[in-house]
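**Q** Protein chains in written order, with the working numbering: chain D, 1 to 253; chain W, 1001 to 1253; chain H, 2001 to 2301; chain G, 3001 to 3301.
Some clues are possibly wrong.
Unchecked claim - Between beta-carbon pairs, the in silico distance windows are:
1. D1167(W) <-> R22(D): 57 to 65 Å
2. L3286(G) <-> T2275(H): 52 to 60 Å
3. N3290(G) <-> K2274(H): 32 to 40 Å
4. G117(D) <-> D3283(G): 42 to 50 Å
5. L3268(G) <-> E120(D): 28 to 36 Å
6. D1229(W) <-> D2148(H): 41 to 49 Å
7. E155(D) <-> T3011(G): 52 to 60 Å
8. E2260(H) <-> Y1064(W): 53 to 61 Å
9. T237(D) <-> N2143(H): 51 to 59 Å
10. P2271(H) <-> S1063(W): 47 to 55 Å
11. S1062(W) <-> V2282(H): 18 to 26 Å
To be verified - According to the in silico footprint, chain G covers these stretches of chain H (three or more CB under 8 Å from chain G):
12. 2123 to 2134
13. 2171 to 2184
14. 2226 to 2240
15. 2281 to 2292
As the list claims (entries may be wrong) - Calculated from the model, a selection of chain H residues having no Cβ within reach of chain D, i.e. all distances over 10 Å:
16. D2051
17. P2100
18. R2101
19. R2139
20. W2262
Worth flagging that the hints you see were computed from the coordinates, not collected in a lab. Just so it is clear, CB atoms sit at the ideal spot from N, CA and C, and this is done for glycine as well.
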Amino acid sequence: MSDAYTSQELMIAVAAREIRDRELVFVGMRLPIVAYAVARNTHAPNARGLFEVGLMRDHAASSYLGTMGDPPNVAGALWATRMSNVMALMAQGGVDLGFIGGAEVDRYGNLNTSYVGPPERPRVKLPGSGGGADIAILSRRWVTLMTHERRRLVERVSFITSPGHGDGSPDWRRRHGLLGGGPAAIITTLCVFRFPSGGGEAYVDTVHPGSTLAEVREMTGWDVSVGADVGETPPPTAAELREIRQRSTVGSQ
Amino acid sequence: MSDAYTSQELMIAVAAREIRDRELVFVGMRLPIVAYAVARNTHAPNARGLFEVGLMRDHAASSYLGTMGDPPNVAGALWATRMSNVMALMAQGGVDLGFIGGAEVDRYGNLNTSYVGPPERPRVKLPGSGGGADIAILSRRWVTLMTHERRRLVERVSFITSPGHGDGSPDWRRRHGLLGGGPAAIITTLCVFRFPSGGGEAYVDTVHPGSTLAEVREMTGWDVSVGADVGETPPPTAAELREIRQRSTVGSQ
Amino acid sequence: MHKNRLSKVMTMAEAIDRFVADGATVALGTSLEPLIPFAAGHELIRQRRQDLELVGPISDSLFDELIGAGCVRRITAAWVGNVSEGLGHCYRRAAEQGIPRSIEIHDHTNFSISMALWAAAWNVPFLPARTLLGSDILRTNPNVREVDGLVHISAVRPDVTILHVQRCDAQGRAHAWGPLGISEEAGLAAERVIISCEELVDPAVTLSDPNRILLPETKVVAVVHEPGGAHPSPVQGFWKRDHALDNAYAAESRTREGYEAWLKRWVLDVPDRKTYMTMVEVDSILITGNRPSEPVNFADE
Amino acid sequence: MHKNRLSKVMTMAEAIDRFVADGATVALGTSLEPLIPFAAGHELIRQRRQDLELVGPISDSLFDELIGAGCVRRITAAWVGNVSEGLGHCYRRAAEQGIPRSIEIHDHTNFSISMALWAAAWNVPFLPARTLLGSDILRTNPNVREVDGLVHISAVRPDVTILHVQRCDAQGRAHAWGPLGISEEAGLAAERVIISCEELVDPAVTLSDPNRILLPETKVVAVVHEPGGAHPSPVQGFWKRDHALDNAYAAESRTREGYEAWLKRWVLDVPDRKTYMTMVEVDSILITGNRPSEPVNFADE
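Construct the complete structure from the given sequences, taking the supplied hints into account.
**A** What follows is the structure, encoded as structure tokens:
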């Protein structure tokens, strides 16, 4: 196996490390599906995956998934049920960690997957929330993965589909009645952002090997904050890479 | 087969005739279970039975039922599900007819199955609503069966568990937001009461063979109204009796 | 594949001891007449649980038995009695005379108790419904109220829901069949779930049909292998209803002395369910036939 | 025993003709990614249905196809695009440029569209939920609003819900397995239900397992025997997802011309599903294995 890895493989490995053993993880599609498999087969053997389509699993599917409802994800599931039952668990605080995709994110971790430009005549109509807003509001903490581009990491998203820390003011989420803890990290192709506990603004926690803070600043649409102790993102381990490469990656689109 | 019949058999036959072909009937327990079987096997071959335990059927169970959830009622069911799904059908107006039992009924068809005397220290604590109030409020029309006694047919029930026509004023149900049409008949051991369309006070429609209006008046706790054209309740037919007697009657308690 | 999962199998005595505290809110009998967890109820009595709030729709005589034994502080239910006779004699004595203790009653309907549990499952303070309008239950139950022509039904959140099912594996994946009443919402709404089952099966059996798994295993804290644990209520494919025994309870519980004799004979002097089942005339109620469900194919390739 | 029941079996063309009117509110794709009734969607296009309101959570590319064909007046959904690529190109053209016509969009989340359907199923004007708080969807969808720290989600009542399932009998008793998404509430909430199925089976099969019957037959007005009716979406036990074909749609629909060519080839020039399936490379997506569910015993004696 080569020591070289793609930035996508690094993102998956970083996402996998967000999953702690015994946690219940709202998995979502694409990279997080692989991240769940990696975590489950390395450091988090008792992590369970939850899928809004109506599934719970305690191990990864045995073959490639184009969607979370593909047959390999159903075979061997712990529970095949209705979406509203899965959402019930999350509304009760039973989901430790969620993954959400987004087209745009801002400094407070708010995600836009709905409209670029005015909703009544958008410049780009994005697909919409899916379960994203539900996860953003109700999971105990969540993580988003994104290609690091200036048009994606923006000062202020034009539409908040999935709320992060709102306007960044202290305790914004609690004051607005959002039950979950909000975004814990933004994993990009260049770095990992994290958030102060209690909310607020994203700061750079680690920069990926081969990238620089200057590059992160250049490619981010807001004036970037940097953590007190910014380090380098640990590269994927051999075990992580092996797990990632055992599965066809799903993020080629 | 004897031509003689018990008053319970007559009540079951009368109840069965309330069921029209193709109707969806919220069956309940005891006598109505037999009434559904009689109707299904005589004049209403396409009547379906719905049971709050979470069942739909298109034919009667093949053997004795102590409860609606007994195994013979499940075998061959059209649907085994959750109660809240059955209630959904009823809340949408999908239940044509319901049967409700009661300890007390008043002239407006209100039923008490909760408390005789003050609720905080009742003289008799009755078992409660079960699904009775739900059927009373939501089924398109309903029928109750009762032993004809002065202490049961009372001027005013001390507690309205299952609302009939309320205080008897015009359109009481609609004004109070009750979706279903309310009580259509009270079938007693002596007679059949019916209600004017739009609600109001029960009137004697037919008196059972062997009983008299005087007896009905004597045994009723309110000043009884009598229909314009009071007749005699048609006795059970041979076919009805055969169906009734094929099943162990369940109302021995 | 499941070697990392700790087994949740334990005795009923241990399950009740560990997971049902005095003062707990306990949902029981959520499938209405079938699958009533009588064995669990009897163990609650033997362990002298106090001040329970019982939650359920209609659970034949189980609530009446627990009230008679003095375990109950509050009833949050649609119906309490016994199906054979109607009236619940222990319930009457408690409500009318405070014997053996007075109880608080939160009346519900079958529909409203279901909605109260769905509200808790979805973690909202209430759900609106079209029932209860025009009923005096609106006057006596403080947890239901009319708002703009609807009734808002406050959430009821059990500390523990106890379910009897046909089969379950050691990790708590329960298969139940037949009518399900309010079992699903009672399980989802609860902080934790205790399962008792007729058959303790391999995970290969339960996971062969994940659609039939009633609840997420993450809710289940104890699995008790307890054949006959629902007696005298019926269990599809296993047990008919024991009408005779239920009738006997109805008759014997008419007096306080009768109830106490019944309680001594059938609960207090009985160490466990296995012994209890030796006292039951099983031949007339055992289901021996087979009426199998047609399999479905979960293959993925 | 069932001789009095009229069969509801008919062709897809007849089912759509009789039961889906112009302007109807139609729920489709309610199991999210699997079991999407593409055959029904294509027939809606062939019959030139106009002014539809489409209701669903995530239904891969089906909504995008219908929007491109000009059938759609309003989208009431959580997500519209195609799973292969994300962006729905027809959806973009309609929302951004009014091509082929402008559409109204009522944004939902997966949770909120489920609650909207449960509200309709229970016939209440709204259900409260803990989602949508802090989201701008509260600003743009007139059918959700914040009240006292909760969000009230207005009922959505489909005129018709169309479901593809694995097997069904002629009377409309449908067995579906695998994850169910919002299919149950979409069916219960609807005025009527159209079922398409892989296998048309005898009632003895469906009634052998009444717990697996998805909906009351009283809601079902048409049963269409339509093998492959969900292609390219997967059907547990029958079909894998056809990734290649879904990718091709994503690529071809990038331009209006590409979409129109796709539409002509795969929908307009295809008379029915049987013909369509002859155009599909079935070998790579057919599921041939068997992974049977363990039967349960419904015996009553």
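**Q** Taking 8 Å as the Cβ threshold, is the statement that the segment 2123 to 2134 of chain H is covered by chain G upheld or broken by the three-residue rule?
**A** With 8 residues closer than 8 Å to chain G, the segment 2123 to 2134 of chain H meets the three-residue bar; holds.
**Q** Given that the segment 2281 to 2292 of chain H was listed as covered by chain G, double-check it with a C-beta distance under 8 Å for 3 or more residues.
**A** It holds, with 6 qualifying residues against the three required.
**Q** With 32 to 40 Å as the target window, see if N3290(G) and K2274(H) comply at their CB atoms.
**A** holds, 39 Å
**Q** So P2100(H) supposedly isn't at the interface. Is its beta-carbon more than 10 Å from every beta-carbon in chain D?
**A** holds, 36 Å
**Q** Taking the Cβ atom of E2260(H) and the Cβ atom of Y1064(W), is their distance within the range 53 to 61 Å?
**A** violated, 31 Å
**Q** Confirm or reject the claim that T237(D) and N2143(H) have a C-beta distance inside 51 to 59 Å.
**A** holds, 54 Å
**Q** Taking 10 Å as the cut and beta carbons as the points, is D2051(H) off the interface with chain D?
**A** Since the minimum Cβ distance to chain D is about 25 Å, D2051(H) lies beyond 10 Å and the statement holds.
**Q** Does the claim that W2262(H) lies outside the interface with chain D hold up, using a Cβ gap greater than 10 Å?
**A** At roughly 39 Å from the nearest Cβ of chain D, W2262(H) sits farther out than 10 Å, so the non-interface label holds.
**Q** Okay, the segment 2171 to 2184 of chain H and chain G, do three or more residues pass the C-beta test at under 8 Å?
**A** It holds, with 4 qualifying residues against the three required.
**Q** Is it true that P2271(H) and S1063(W) lie within 47 to 55 Å of each other by Cβ?
**A** The hint (47 to 55 Å, Cβ to Cβ) is violated, given that P2271(H) and S1063(W) are roughly 35 Å apart.
**Q** Can we trust that R2101(H) is non-interface, i.e. its beta-carbon lies farther than 10 Å from all of chain D?
**A** Holds, since 33 Å exceeds 10 Å.
**Q** State whether the coverage of the segment 2226 to 2240 of chain H by chain G holds or is violated, taking the criterion as 3 or more residues with Cβ-Cβ distances under 8 Å.
**A** Satisfied; 4 residues make the cut.
Against the hints set out earlier in the document, violations occur for numbers 8, 10.
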